[in-house]
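Asks: Sequence:
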Amino acid sequence: MARTLDIESGAGLQPDPEKDSAGTVVATPASSQALAEAGPGQAVEAMPATAPGRGGRRRLVLLATLVVALGAGGYYGYDWWTNGRFIVSTDDAYVAAKTAAVTPQISGYVKSVPAADNTHVRVGDPLIVLDDSGYRIALAQAEAQIATEEASIARIGEQINAGKAAVRQAEAQLGSARAAADNARADHDRVSALEAKAVVATKLLDAARATMIQADSAVTGAEAAVTVAKANAAVAMSQKAEAERVLDQYRLARDQAQLDLDHTVIRAPFAGVVGNGAAEPGEFVQPGQRLLAVIPLDDIYIDANFKETQVEEIKPGQSVAITVDAYPGRTIEGIVESVAPASGSVFSLLPPENATGNFTKVVQRVPVRIRLPKSVAEEGLIRPGMSIVAEVDTRTGPSRTASR
1 MARTLDIESG AGLQPDPEKD SAGTVVATPA SSQALAEAGP GQAVEAMPAT
51 APGRGGRRRL VLLATLVVAL GAGGYYGYDW WTNGRFIVST DDAYVAAKTA
101 AVTPQISGYV KSVPAADNTH VRVGDPLIVL DDSGYRIALA QAEAQIATEE
151 ASIARIGEQI NAGKAAVRQA EAQLGSARAA ADNARADHDR VSALEAKAVV
201 ATKLLDAARA TMIQADSAVT GAEAAVTVAK ANAAVAMSQK AEAERVLDQY
251 RLARDQAQLD LDHTVIRAPF AGVVGNGAAE PGEFVQPGQR LLAVIPLDDI
301 YIDANFKETQ VEEIKPGQSV AITVDAYPGR TIEGIVESVA PASGSVFSLL
351 PPENATGNFT KVVQRVPVRI RLPKSVAEEG LIRPGMSIVA EVDTRTGPSR
401 TASR
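By UniProt numbering, the letter at position 271 of the sequence shown is numbered 271, and the numbering carries on one by one without gaps.
Bear in mind the hints are in silico, worked out from the structure with no lab data behind them.
Keep in mind that a hint or two might mislead.
[Unchecked claim] Beta-carbon label-pair distances, calculated as ranges:
{"id": "1", "residue 1": "G344", "residue 2": "D125", "range": "49 to 57 Å"}
{"id": "2", "residue 1": "S133", "residue 2": "R251", "range": "17 to 25 Å"}
{"id": "3", "residue 1": "P269", "residue 2": "A165", "range": "56 to 64 Å"}
[What the hints assert, rightly or not] In silico BS3-like links for lysine-lysine, alpha-carbon gap of 30 Å or less:
{"id": "4", "residue 1": "K315", "residue 2": "K361"}
{"id": "5", "residue 1": "K98", "residue 2": "K315"}
{"id": "6", "residue 1": "K307", "residue 2": "K361"}
Virtual Cβ for every residue (Gly too), placed ideally from N, Cα, C.
Please take these sequences and the hints and turn them into a complete structure.
Replies: What follows is the structure, given as structure tokens:
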């Protein structure tokens, strides 16, 4: 039952009357109007005290929030349905390049370092210069040995010519001796026939026989002389062949000395930027010791490590939206070049072995090679090692088009 206010007696209190800061009851506009319209002794129904408009504002805010939430959800839902579900992204991606570690091929003391860190070099530019005094001496010694051996070969060649002449002379003497022997044998035969007929004395036969024996001995001596001359010529030719082999060795030593001398200047294998320098003038370096690195900034790429659950739709030729952490306001379009044949753990130093029973399944990462546009690489702003975010659009690429 509503409570009433008796005007004449003042009985009937309004519930929860409003009060000022001093505690005095303050009449509301509604109660004042009711008292004015009511006569003496009449009861007036008390009106509840409420804050006008407060509930309406709350409902308006809730309604607006609901509308915004539905609009945002619809927008993002539509965007996911039309674009988002075709995008495969990862932030486990980094810029890479085929960095060349520059090492010396010979040992020596560093004379100078023309290429400082962070400087651009062209192919063939000197990077490090080693002291070449010892290698110049070695080259001069090799050239001197070559000259000496060439002189020896020339001398042996003259000996060979002389030996050939001696052979010809011995052969001529042998022919003369054989002719003399034939003549002596013929004389001996004639004298022997005459001596048998007692036409000539036995003394003449003995002289003819001695002449024949002497002629035969001369033939034997001439034959031996020919053999000796030929042997001497063969020895000379063998000496020449050996000297020529030694000359070849000296020439190889000369070439090696020249190569070592050339290696005292370490040159850039390709155009790029020098970095990670570790050589100082006066330092002694050994072959294989890493001295600096050359990075080809115009030939960089991206290695993006996607989850194994993401690589199903990734194909070579697909478009990739690349965002570099260093340049967050810029988006670069790349191309998927290739997908690794195995996950990164397979190529690690210690591949995991899950046959022991202590198995914990971990989502593996598969490296994907992404090629950057040549124009972007030539700018030189993107450096190897930078972190990037890669978003592959699986709707693009020749493989996707062909499958459709």
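Asks: Does the structure break any of the earlier hints, and which numbers would those be?
Replies: Per hint list: single violation, 1.
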